[in-house]
Amino acid sequence: MSYNFTRIPPVPSAEELVNIALSYTQRKTPTEIHTSFKISRIRSFYMRKVKTTQQVLHKKLTEILERFPRLDDIHPFFADLMNVLYDKDHYKLALGQLNMARSLIGNLARDYTKMLKYGDSLYRCKQLKRAALGRMCTVIKKIKHSFDYLENVRQHLSRIPSINPTTRTLIICGYPNAGKSSFVNKITRANVEVEPYAFTTKSLLIGHTDYKYVPWQVMDTPGILDHPLEERNTIEMQSITALAHLSASILYFIDLSMHSGFTLEEQALLFKHIKPLFGGKPLIIVFSKSDICRFSDLDHDAQVTVSSMIGVSPADILSGGNRHFWAQQENASEINETLLWSSGPSINGSSVDIVELSTLTENGINICKQISCERLLALRETLKSITRAEDDLTSRARIATPSTKTTDRAPIIPQSVLDARERKASGMDVDVPTRELERDLALRLQGDYRPTIREHYIVENEDQRWDIIPEFLDGKNIADFVDPDIDAKLAALEEEEAILVEEENRMRENGELDDFDIPHDHHIQRPQSEISTKGERLKLRANMVKEKAKAREQKWEERKKERYGDQQEGDEAMQRGRSRTRDIDSDDDSSSDGEIRKKKHKVRQGSVARSFSATRPIPQRSQSKNRAAPRDAWSLKLVNDAVETDKGRREEGFKSSEDKKRARKMMKKVQKEHFRGGKMGEGDTHVDNRRPKHLFTGKMSLGTRDRR
Amino acid sequence: MRIETCHFCSSNIYPGHGIAFIRNDAKTFRFCRSKCHKAFKMKKNPKKVRWTGAFRRSHGKELLHDSTFDFERKQNRPVRYDRELYAKTINAMKRIQEIRLRRERLHYKQRILANKRVLRERVLAKQAKKQALEKQFLDEIDNDDFEAPLTVKDKRATVERAKQSTHKHKTDERMKAAKAKPPTTKK
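These protein sequence lines are chains A and B, in that order.
Oh and the first sequence: position 213 is 213 in our numbering, straight run, nothing missing.
Oh and the second sequence: position 181 is 181 in our numbering, straight run, nothing missing.
Heads up, some of the hints might be wrong.
[To be verified] SDA-like cross-link-like pairs, simulated, lysine to any residue; straight-line CA separation at most 20 Å:
hint, chain 1, residue 1, chain 2, residue 2
1, B, K116, A, A542
2, B, K74, A, F472
3, B, K153, A, A542
[Claimed, not checked] Covered, in the sense of this in silico footprint (three residues per stretch, anywhere, with C-beta under 8 Å from a C-beta of chain A), are these stretches of chain B:
hint, stretch
4, 17–26
5, 86–96
6, 123–130
[To be verified] Reference excerpt, derived from the structure (chain A facing chain B, CB under 8 Å, subset only):
hint, residue
7, V459
8, Q464
9, W466
10, I468
11, K476
12, N477
13, F481
14, P484
15, D487
16, E497
17, I499
18, L513
To be clear, the hints were calculated from the coordinates, so they are not data collected in a lab.
Think of the CB as a built atom: it goes at the ideal place given N, C-alpha and C, for glycine as much as any other residue.
Chain A with its partners taken away, still in its complex shape:
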């Protein structure tokens, strides 16, 4: 991952921040207030102001604190680099102060809002708010220098090149003026300043190049002088940091010509001091400016000095026997990868190669690049393989192989096919059908063809083939009863039946199956409801009393008849005739009240009609008319008229009572429909749909709309 510190928002200076906060408060909160407002309203107004200021300051400070990188959370290379450039302590301190300011402002806001709750006038609330805001701003102003520092840091951070600490990198280091930047210029497209004076390059510079179709970072470092670590300045420390933290190919440039102004001894000494930093990283020692001076041009002592750096003799270097000394004449194309994998001298576990090059003549640059890239790739490969082994998918996945089959599965070929093959083999006609198909038969017989299902039935007995199989018997399906075990089942049933028949006979003998009649209760005047309630009892009592009264009356009538004769009877008969249509049970008060009283007295004296009971027949009118029939015509007519009243057409015209019954039934039948529908009578008809759609849609060229 590549770090990009350009996205940090600009840090406002203290004054700016104060301005921002206050103007925000001014804009976002209501501004109108008056002493006449309710105190609660005044209080909330000012509380809001204080709160808003606190909130905006909080927000801004939080932004800064979050966006600045935390040195503990980033790559140690960057942490170290930032430490080198900006001083870790100072940086942390500045951020700490901002944090402190934030919490202080929060406390202030809390305290002042609490105080505002008890403000009793507009003036007091206003003063409190002024105090709160003032104190908050003071807090900010006091840490002015932190803001400035952080702004500087931010600006510098945004200017450093984006270095990816984990990707393939080549670090170019060495004494000042050794030809590092010119080499970088040659390899990459970076346009680094190249000047004759030392420390032209003052900071780490990144260029990019390609090798084997992947991008490579080339890091140009400022020149390192031979100081102890404590005395190194910022610029040198940057190179040291890079060397220390980045896993990269290190190209150590040595100026053999000493045109840089530094002796070989100095350069060798530096190398010795920096050696610890090279641990595990592929090292390439570059003899730059070879157009001026080459290794072979050096005198022996100088050669020894240089070669002792690595720990080899000059002769080894010159001979190039072990293929680690690449002379500038050699072509890049001649070097292939296999040669590079051979083991050679190593320092601290890192492989060493020596290259001679000249940036002026551009000799050996490609060789140098190739070698350095290859070495680093090899290192990265080994590292990856180590880490990969733990995390490898193949170590986690189980590859299952199917077990070998024991059964030998031959293809299934139907017999007919095999026969056909045989026939073919023996030269016979393959397509001969084994049987005559129904189709062929039908074609042959044409009109006389009948389906031949029965012919193909499987029957045990041939003479049964053409039987008509019965299906039904007495409303049952025979097929449901058909069962090969029917004999056994039937036998079991017969056994069971024998037992049951015996049981039935026994019951019959016992008389358990004899029928009997239920005594019917004829003489209940009322329906068969049980006499359980008091009301019912009272009603029954009243009935009985009525009967008694009637009995009394009857007796009186008889006595009257004896005393007064037939005349009254005639009148009474007439009266009775008229009242015949009335209910037969109603009280017939033909006799006057006084007479009833007399009757009662007489009755009470012991001659109670005991003969009445539920079974006693009610005295009918016909019985009371046991008198001599009238003889004169007028009386006859009266009597006859009285007896036979006019019942109307309904009762006339029937020959017999059966006829009458039938007629009545027919009447009822017709009436039933109308009554069921809640209708008045025959005429009350209802058509629910006067204009049915199917009759009234569409055109009619000819025809009626009563039906279609």
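With chain A held as given, fit chain B onto it using these hints.
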């Protein structure tokens, strides 16, 4: 060809009659006539409709469990035609039908008689109760001194008699005396 049974009323459906309804879950419902079909569509429960076989069986009006029914269950395994087997089956069917009818008649008789017994008990109990009550009333009538309730005419007669009677009521006298007195003037 098969004689089916109506899903609603359990009667026989002869070939060429009725309607079969096949639901989306592939269940088949056969109906002997539109009456049953409509009842089904109205979602009537045959067990609650009195005239159906289902009702009668579930309410014990007809035999429900009997060994003769085991013969009639529809087998789903086909049996190859054999004349002797079919002849045997037909004879067996006749015999089974006889036995079934006898059992059903017995069942009916037992049921009716049982109901009758229950009914008889009830009627006799009711009669006894009624007779007891009648006896009680009769005793009351004999022993108690009770009068028939007065009718309107009775009441009028009473008034008439009162007018005619010579028995002097205290109130009458007072009233007459009051009329005789000269009216006193108030001061």
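Against the structure, the hints come out as follows:
Restraint check for K116(B) and A542(A): the C-alpha separation of about 34 Å exceeds 20 Å, so the hint is violated. This hinted pair checks out: K74(B) and F472(A) have alpha carbons roughly 14 Å apart, not beyond 20 Å. Distance hint between K153(B) and A542(A) is fulfilled; the C-alpha atoms sit about 18 Å from each other, no more than 20 Å. Counting residues of the stretch 17–26 of chain B whose beta carbon lies closer than 8 Å to any beta carbon of chain A gives 0, which falls short of the minimum of three for the stated coverage.
By the rule of at least three residues with a Cβ nearer than 8 Å to a Cβ of chain A, the coverage given for the stretch 86–96 of chain B holds, with 9 such residues. Counting residues of the stretch 123–130 of chain B whose beta-carbon sits less than 8 Å from any beta-carbon of chain A gives 6, enough to reach three: the coverage restraint holds. For the restraint placing V459(A) at the interface with chain B, the shortest Cβ-Cβ distance is roughly 7 Å, inside the 8 Å limit, so the hint holds. Interface hint status for Q464(A): upheld, as the beta-carbon distance to the closest one in chain B is roughly 5 Å, under 8 Å.
Contact between W466(A) and chain B, as hinted, is not supported at the beta carbon level, the nearest pair being about 11 Å apart and thus beyond 8 Å. With 8 Å as the threshold, the beta carbon of I468(A) stays out of range of chain B, its nearest partner Cβ sitting at about 11 Å, so the hint is violated. A cut of 8 Å between beta carbons decides the hint on K476(A): the least distance to chain B is about 6 Å, and the hint holds. Satisfaction of the interface hint for N477(A) is found here, the shortest Cβ-Cβ separation to chain B being roughly 5 Å, below the 8 Å cut-off.
Interface restraint check: F481(A) against chain B, minimum CB-CB distance 5 Å, threshold 8 Å, status holds. The interface hint given for P484(A) holds, since its Cβ lies 7 Å from the closest Cβ of chain B, which is under the 8 Å cut-off. Interface hint at D487(A): satisfied, since its Cβ lies 7 Å from the closest Cβ of chain B, which is below the 8 Å cut-off. This hint holds: E497(A) has a C-beta 5 Å from the nearest C-beta of chain B, less than the 8 Å allowed.
Given the 8 Å rule on beta carbons, the hint for I499(A) is violated: about 12 Å separates it from the nearest Cβ of chain B. The beta carbon of L513(A) comes within 6 Å of a beta carbon in chain B, closer than 8 Å, and the hint placing it at the interface holds.
When each numbered hint is compared with the structure, violations occur for hints 1, 4, 9, 10 and 17.
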